[in-house]
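Start from the sequences and build out the full structure, keeping to the hints where you can.
Chain order of the listed sequences is A, B and C.
In the working numbering, each number is its position in the first sequence, counted from 1, plus 1.
In the working numbering, each number is its position in the second sequence, counted from 1, plus 13.
In the working numbering, each number is its position in the third sequence, counted from 1, plus 85.
These are computed hints drawn from the structure, not numbers from a lab.
Predicted model only: the values in this text are computed from it and were never measured.
Do not take every clue at face value.
[To be verified] One-sided excerpt, in silico: chain B residues whose CB lies under 10 Å from chain A:
hint, residue
1, Leu36
2, Val43
3, Thr44
Virtual Cβ for every residue (Gly too), placed ideally from N, Cα, C.
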Amino acid sequence: MSSDYRRIVKDGIWDNNIVFAQTLALCPLLAVTGTASNGLGMGLASTAVMVASGLLISLLRNLITPQVRIPVFVLIIAVLVTLTDMFLNAWLHDLHKVLGLFIPLIVTNCAILGRAESFASRNHALPALLDGLMMGLGFTLALVILGASRELLGSGTLFANAALLLGSWARFLELVLIPDYKGFLLIILPPGGFIVLGCLLAGKRLIDRAVAARRRRALEAIDTPAGEAAR
Amino acid sequence: MAGKRILYPALLLGGFSTLATVLLVAGNLVTRDAIQERQREDLLVSLRQVVPESHYSNDLLADPLQLPGPDGTPITIYRGIHDGQVTALAYPISSQGYAGEIRLILGLDATGKILGVRVLTHAETPGLGDGIEVAKSDWILDFNGLSLGDPPQEKWKVKKDGGRFDAFSGATITPRAVVKAIENGLVFYRQQKTRLLEAPLSKGLPVVRVEGALHE
Amino acid sequence: MTVKSPRSAPYTHARTSIGRTMGLVMLALLPATLFGFYQFGWPAVFLFASTLLAAVLAEALSLRLAGKPPRPFLLDGSALLTGWLLALTLPPWAPWWIGVVGSLLAIIVGKQMFGGIGQNLFNPAMVARVALLISSPLEMTLFTAPAPLFSAQAPGLVESLTITFGNPVGFDAVSSATTLGHFKTELGRGVTLDQAAAGTASLWQLIGGEAAGSLGETSALLILLGGLFLLYKRIITWHIPLAMLGTLALLASLFHLLDPDHYVGPLTHLLSGAAILGAFFIATDLVTSPVSLRGQLLFGAGCGLLVYVTRTWAGYPEGVAFAVMLMNACTPLIDHYLKPRIYGRDRKGEPLSYTEQAEKGGNA
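Take a look at the structure:
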């Protein structure tokens, strides 16, 4: 059982990462990742919705018939997002101003519906909860890496406005890495998002390939005498 | 048999929709007042940027005035009042920039002198035309203290067109549009001066409340 | 131009190679480039050199990363030509990093990421130009009036080094709008064409290259001669240039006749900006333009239309780069619908007179 949970964690964060492996949710991804802070905010908000929707759908899975499951899932997710939007606007107004437009975008995140359909509706509550959390964290990780790369290349800062998002304790995160940088607007605009995302996808494949090669070499080193491990 | 197969999903979908509606209505009821209060605060923050608090002693958002603007569309004017006299005015102005409408808010004192101007929304070229934002450059602060007689109206142009205002490097059309918008705003003040400076009716009479039209 | 030998005879070797094509294009660009150096002085030379050097280095680096042999690909001159075309579309006094960043974008993002020579969807030089224009609008729109070499107003060698490589202060005085930029700004505030024309270069100055503008788009005459040389050498065909310039001229004439006060005339449109450079050297790029002649006519007309629309109604004063890139994106579609007919087959690719069985065999 515990190996199942480990699998869920590994899938969510890396192997089956929403962005890096499934290349889903590109619409909110490209829209918000101008800065690392925005990416973090969007990622956390999406994670909250994913956890809640995963849990709810898993609990209701025996009630929902296959014919109407998709509209019901959509309804649940839409209600969750709308409520999140209203509550943030009323009680975390500064955060809402930063994320503003992007919160309704969570609805467009096809990955949430995807996890509801492919995981939550077929599993018990606890694995569904964990899956929502891990997929969400994996998504957050991707958003933060992409946001940080674009922010660094595009404006020379890191985690600008983090204090608006997380409170004033987070001010230490706000770095100006390249002072007097004039900025490179292309990277901040959506085309730059696509270019940087492409580079990150290539990077993930390089890492995966290197890891696989090392594992194979380790295996071969056990079976065969050293020296024949070349491909 | 067949009826039941259709009935259950229909009821299920209907039930979920009803539940969703109930939840959303409840959520809206709970948060509505708080959200309205937040929007009022936002509006106040942008008004205070163009009308310093020392210029009035009332609630700026209370009892706004609506007048037809130069192009016929109504303009909402927020008035600052001290000792029963109108002492400050703030209203939105706009003009066509390089890439779409530039919307600003203009703050004046009772004599028509500019207390402050800020850009609310624009779509100018980033890095070139966005010098009109106070976050990017303090170009827009140069208008403080000026009025339609100072400089005279024919000098309300950028230097390139023979006026007195600098355009920032690389952009001509954006500063030109902002100067034009402010000039129009000042002309509006001159034309409507008596109506604008009329003290609001005494407190006993009902006043029509107009919700803030500044923010989307 | 008469065709003296069969052009697609299957048995003769045309003695063409990528290297020869690139070399001839560079030769055709040479007069206009040298004239640009003369008009804009040492800073233009330095910018040109930095751009080309960066292009070649970026190509070498990418080839190394991709595990391809660097020598044959470097020696074909394609990276050099990309850098060259890019340098010609930059403001001559732009700082060095504009050229270097542009070259990196052109070669790495515009060309090698798609798989190297022959694989790119967009013209690499135009990818770089558009990316630079959007990212550094200030540097990319700051043009200077020509200050011919050895003339009184030309900057000296040391001064030129600071213009390109240093932090120039005090050179703002010579900045000058391009012809198209001037018209755009003036017409934008409601001035009539006659009044606006008073403040800018005459048609003769445009032909002679005495107007502010990018490094190589100044002398319309020399660029045109280079283009005609390419036609003569059969590196390009007449279809794209004629369709592009013809459409541009037609639209400009039409609107100018309808409302002479607000629409710039056809000659100004043809002679200013990058119209001729784009039509002969950029839109005709063999990789990113359609294969069939009908496709090329459509492609050229589309470029001309988009140039006119961008110049007249859109935000930017010049639109050749945008137009060429947008039409590049349409090239696969054009190629799909306007295929050249294969010898012995009809336009759908079916054999002309085969029996059912033979057809199956032919398609297998």
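Do the hints match the structure? See the list:
1. Interface restraint check for B/Leu36: the shortest CB-CB distance to chain A comes to about 6 Å, inside 10 Å, so the restraint holds.
2. A hinted interface residue such as B/Val43 counts as satisfied when its beta carbon comes closer than 10 Å to some beta carbon of chain A; here the least separation is about 8 Å, so the hint holds.
3. Because the beta carbon of B/Thr44 sits about 4 Å from the nearest beta carbon in chain A, less than 10 Å, this interface hint is met.
Going through the hint list in order, the structure satisfies each hint without exception.
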